[in-house]
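Peer 1: Single-letter residue listing:
Protein chains: 2
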Amino acid sequence: MKKKSESKLKIIPIGGLEQIGMNITAFEYEDSIVVVDCGLAFPEDDMLGIDLVIPDITYLKENAEKVKGFVITHGHEDHIGALPYILKELNIPIYATKLTNGLIENKLKEHNLLRTTKRKTIKFGQSINLGAFRIEFIKTNHSIQDAAALAIYSPAGTVIHTGDFKVDYTPVFGDAIDLQRFAEIGKKGVLALMCDSTNAERPGFTMSERTVGKTFDNIFENHKTTRIIIATFASNVDRVQQIINSAYKYGRKVVVEGRSMVNVIGTASELGYLNIPENTLIDIDQMKNYSNEQMVLVTTGSQGESMAALSRMAANIHKKVSIQPGDTIIFSSNPIPGNEKAVSKVINELSSKGADVIFQDVHVSGHACQEEIKLIYSLVHPKYAIPVHGEYRHLKAQANLAEGLGIPKDDIFILRSGDVLEMDEDSAKITGKVHVGAIMVDGLGVGDVGNIVLRDRQHLSEDGIMVVVLTLEKRSNQLLAGPDIVSRGFVYVRESEDLMGAARVVVEDALDECLNRHVSDWGKIKTVIKDSLSDYVWKKTKRRPMILPIIMEA
Amino acid sequence: MKKKSESKLKIIPIGGLEQIGMNITAFEYEDSIVVVDCGLAFPEDDMLGIDLVIPDITYLKENAEKVKGFVITHGHEDHIGALPYILKELNIPIYATKLTNGLIENKLKEHNLLRTTKRKTIKFGQSINLGAFRIEFIKTNHSIQDAAALAIYSPAGTVIHTGDFKVDYTPVFGDAIDLQRFAEIGKKGVLALMCDSTNAERPGFTMSERTVGKTFDNIFENHKTTRIIIATFASNVDRVQQIINSAYKYGRKVVVEGRSMVNVIGTASELGYLNIPENTLIDIDQMKNYSNEQMVLVTTGSQGESMAALSRMAANIHKKVSIQPGDTIIFSSNPIPGNEKAVSKVINELSSKGADVIFQDVHVSGHACQEEIKLIYSLVHPKYAIPVHGEYRHLKAQANLAEGLGIPKDDIFILRSGDVLEMDEDSAKITGKVHVGAIMVDGLGVGDVGNIVLRDRQHLSEDGIMVVVLTLEKRSNQLLAGPDIVSRGFVYVRESEDLMGAARVVVEDALDECLNRHVSDWGKIKTVIKDSLSDYVWKKTKRRPMILPIIMEA
Chain A
1 MKKKSESKLK IIPIGGLEQI GMNITAFEYE DSIVVVDCGL AFPEDDMLGI DLVIPDITYL
61 KENAEKVKGF VITHGHEDHI GALPYILKEL NIPIYATKLT NGLIENKLKE HNLLRTTKRK
121 TIKFGQSINL GAFRIEFIKT NHSIQDAAAL AIYSPAGTVI HTGDFKVDYT PVFGDAIDLQ
181 RFAEIGKKGV LALMCDSTNA ERPGFTMSER TVGKTFDNIF ENHKTTRIII ATFASNVDRV
241 QQIINSAYKY GRKVVVEGRS MVNVIGTASE LGYLNIPENT LIDIDQMKNY SNEQMVLVTT
301 GSQGESMAAL SRMAANIHKK VSIQPGDTII FSSNPIPGNE KAVSKVINEL SSKGADVIFQ
361 DVHVSGHACQ EEIKLIYSLV HPKYAIPVHG EYRHLKAQAN LAEGLGIPKD DIFILRSGDV
421 LEMDEDSAKI TGKVHVGAIM VDGLGVGDVG NIVLRDRQHL SEDGIMVVVL TLEKRSNQLL
481 AGPDIVSRGF VYVRESEDLM GAARVVVEDA LDECLNRHVS DWGKIKTVIK DSLSDYVWKK
541 TKRRPMILPI IMEA
Chain F
555 MKKKSESKLK IIPIGGLEQI GMNITAFEYE DSIVVVDCGL AFPEDDMLGI DLVIPDITYL
615 KENAEKVKGF VITHGHEDHI GALPYILKEL NIPIYATKLT NGLIENKLKE HNLLRTTKRK
675 TIKFGQSINL GAFRIEFIKT NHSIQDAAAL AIYSPAGTVI HTGDFKVDYT PVFGDAIDLQ
735 RFAEIGKKGV LALMCDSTNA ERPGFTMSER TVGKTFDNIF ENHKTTRIII ATFASNVDRV
795 QQIINSAYKY GRKVVVEGRS MVNVIGTASE LGYLNIPENT LIDIDQMKNY SNEQMVLVTT
855 GSQGESMAAL SRMAANIHKK VSIQPGDTII FSSNPIPGNE KAVSKVINEL SSKGADVIFQ
915 DVHVSGHACQ EEIKLIYSLV HPKYAIPVHG EYRHLKAQAN LAEGLGIPKD DIFILRSGDV
975 LEMDEDSAKI TGKVHVGAIM VDGLGVGDVG NIVLRDRQHL SEDGIMVVVL TLEKRSNQLL
1035 AGPDIVSRGF VYVRESEDLM GAARVVVEDA LDECLNRHVS DWGKIKTVIK DSLSDYVWKK
1095 TKRRPMILPI IMEA
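Protein chains in written order, with the working numbering: chain A, 1 to 554; chain F, 555 to 1108.
Think of the hints as simulated: they come from the structure by calculation, not from any bench.
Bear in mind the structure is a predicted one, so any value in this text is a computation, not a measurement.
Certain hints may be false.
When the alpha-carbon atoms are kept at most 20 Å apart in a straight line, the in silico SDA-like pairs for lysine to any residue are as follows [unchecked claim]:
id	chain 1	residue 1	chain 2	residue 2
1	A	539	F	841
2	A	88	F	1095
3	F	1096	A	409
4	F	963	A	352
5	F	1028	A	414
6	A	539	F	998
7	A	353	F	965
8	A	409	A	424
9	A	474	F	1038
10	A	530	F	1040
11	F	987	F	1002
12	A	10	A	414
13	F	874	F	841
14	F	1094	F	1055
15	A	530	F	1055
16	A	540	F	1004
Given these sequences and hints, build the entire structure.
Peer 2: What follows is the structure in structure tokens.
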């Protein structure tokens, strides 16, 4: 009989935002912590001016001596993007598969962290020991190569974390997901399964990446006389491989355009994840030597990102490529929720330039649908289910699937950021909450933009600002200069001279009243000015610009 | 033989934005103009703080004596919403079917325009003479009742404008689309067809509204023990009718919640478009007298609009309804492009409160898919095709369909706002361009927010503002007060005292240099301050707040 563990295993998701990327989860057993993934999130709509969001790792820093390392499932931004920021605060080793490690290396280089960071490349099937834990990397399939599921062995039991995955029986590169290993570990007994929920609302099975290659062949066959431009995700190396394959087959040269794509393709190619026939890839400057029907461009911008290569082509501001009537342009992607309008805008622009735009059925997802999720549950047969990776609705959808597979409701846990789930073979329970948070990065500033600043930006964005300035004499409070009113983002001042003139009178009256009543507290004077002006402007315009009174002392 | 017309017919779309609602089209023949629809648009993402957008009708005002009336196809905002604004500038009569007219009446009341506006209710099959034109209203189906297609007869030929439509053989209320009449007019010869393109990318046929009623019945049958809350479009009276039908069948009371829905239901009910069994509709305050399984709530908020009733329930800020675990909540709608994230947010909130959220397959579109579009083309058999209502990609998709039906490419016109298409039986050609534009409405201001103001709002929203104030003596240019720096939306000042202190020094140095060099032009001084501070802040933070120097004179 197995000796029973004394302590429980703790699982703590510490990404500070609910359900929007920023994957980072702590596994804790006694004095050992391992951290799975370290992702960033892109700003929500109300995070005006923010570039990206990273997790607040206070909990890890407070337990720094316990933290043994980062174990990374794959190389997407929402799993590796926060590493350069977090490593500056907590320098611990990183364990990842080869391509993932290559992509991390690029990031560390950019942030000058290469020398100071310990990294190790792990092979599928290989295990590493980190304190009380042993972690095994298991081959999966995903929209980026070298994605791994993790078997996390602890004295309290085994947890399987799928990472982001799909089941692809015929992947473009490398092996299919190692279903046998999932089954083998499952057979030995698995405490908890943490499974990707992204597509848990979708019935059926995600199609093989290879089906997209066939679609490319069809499109190439039917568009032999036009230039072909294909936009896809920069990190989807297999997709690019299939474009190269079709191009080679149909005698076309391939140009890769867009910084992030050039980088990923470079790394993937160096590390042997991409097989490029000689003389197929050419530089963008060589394009002029070839006719349209000899060319394929692979480009970034499939999400309508305004600065990406395809968007610049569509807007006529790309330096080297302009869209021509008759161009065949393929979106080999689906819009990520929130990007629909931006994508549509680019499609409209391209199509109004006479291009033939193809955007339906030239993409497959990288995430498991319902039947694949059920398959993994059936192979692993966990005691507890902990749906991960998705918005609440997706986690809930997986919870429903798990329940349908016979897992009791009480053994299914939808965790919120900061929840501490303690478990062993006898029981599992949320026993506490640790401090978590989202830290906003804006330019060089990490964490110097908070809610007050965001609220101000929101306010400014809606109705602009009116600045009221005046100078008072130090002792007498006598008005020396002003009040002057300057506005930005409020109304065209030239067309609103009357309004601004009247506003000045309102401020003067408010000020007179204060001074006549010998109100000497400048804070009070500011409040009176602000309120009077705000009331007046609201009455006249039904707008509420930010009003900023500044009193100077002379 | 028909006598040949001397003049040509002009068709001029004058909505100022490309492809985003704001439907308004002028038909001009010699000294007669009729205007089809008068819609508003909702602001694009970059129109910060704007409430709505209306067309610039300069062209109509310049030809005011020619304009005979507005002919309205149906009562959706993108077809009637600009009327109250436009009527203030150009008071001409309105012709519409009964429900459409009722909804217009509500708007005119709000704007105190009821007495001064001539309106006439037109029946299907009825024609009106407006100058050189005769206009016939033809019954169609859409997601609002009483939608009409228009046959526009002119001496130069007949144009059929479908309005927004679908083919519903089994509508919930009233008759199916009058396909016979389309055929009859088509048989006599139609110059041009202007057909709804919204769903031109979608193959097949849009399902009957009645299918949703069956889905409701199924859901009611399977959720007999829970409260049911259904969100849908305020103007979809047939949808509400079907909810009422299911509620009555399953012995539930119905509460309607959300201002716009209460209004539309009120009007539709008064005018006889809604059939409510006695004692079925109750007031929200009576809800407490009934148990959960006796209640259905019909509510606004199906698009995740932050101020709508359902969103307020989800966020726990609705005054009278709070979501309870076990509530069955149905989104009887699809997210309109751009609203996906907002809808998802509400679904997450509801679902994390323990509600069972149903959002798939409880909706049908109000617009024709490809097979319906082809049907109309085949019945009408026009010489020219002018796809309308949709983004460019949708117009293009319909153009492709028309070409597939044998209409020569040169006879298909994708018009841009302001294009003047002149046509008769011999030829059709874009011959000119009239002034068009989008006028932004912000609070009470119509047109006082332009591109400069929007750019400023954008700038302010990204990095905030730094205001630099100082007082100089009138003649000597001696510094009397300041420089003081106040920022909003830039950084937490308390955490950035060093930065703000250093910024003040930068400004002081810049100012000293100006004064030492006897630069007396305040414009120049402001520029020097702005540039120095901007450079400094960029170097330190990689941000570009708006910098607003204000010099006061004392």
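Peer 1: Take the hints in turn and mark each one as holding or not.
Peer 2: These are the hints, each one checked on the structure:
1. A:539 - F:841: 38 Å, violated
2. A:88 - F:1095: 18 Å, holds
3. F:1096 - A:409: The hint is violated at about 50 Å.
4. F:963 - A:352: 15 Å, holds
5. F:1028 - A:414: Violated - the C-alpha atoms of residue 414 of chain A and residue 1028 of chain F are around 68 Å apart, more than 20 Å.
6. A:539 - F:998: 9 Å, holds
7. A:353 - F:965: With a Cα-Cα distance of about 19 Å, the restraint between residue 353 of chain A and residue 965 of chain F holds, given a limit of 20 Å.
8. A:409 - A:424: 17 Å, holds
9. A:474 - F:1038: 15 Å, holds
10. A:530 - F:1040: 16 Å, holds
11. F:987 - F:1002: This hinted pair is violated, its Cα atoms lying about 25 Å apart.
12. A:10 - A:414: 15 Å, holds
13. F:874 - F:841: With Cα atoms ~9 Å apart, residue 874 of chain F and residue 841 of chain F stay inside 20 Å; holds.
14. F:1094 - F:1055: 13 Å, holds
15. A:530 - F:1055: Violated: residue 530 of chain A and residue 1055 of chain F sit about 26 Å apart, past 20 Å.
16. A:540 - F:1004: Holds, because 18 Å separates the two Cα atoms, which is no more than 20 Å.
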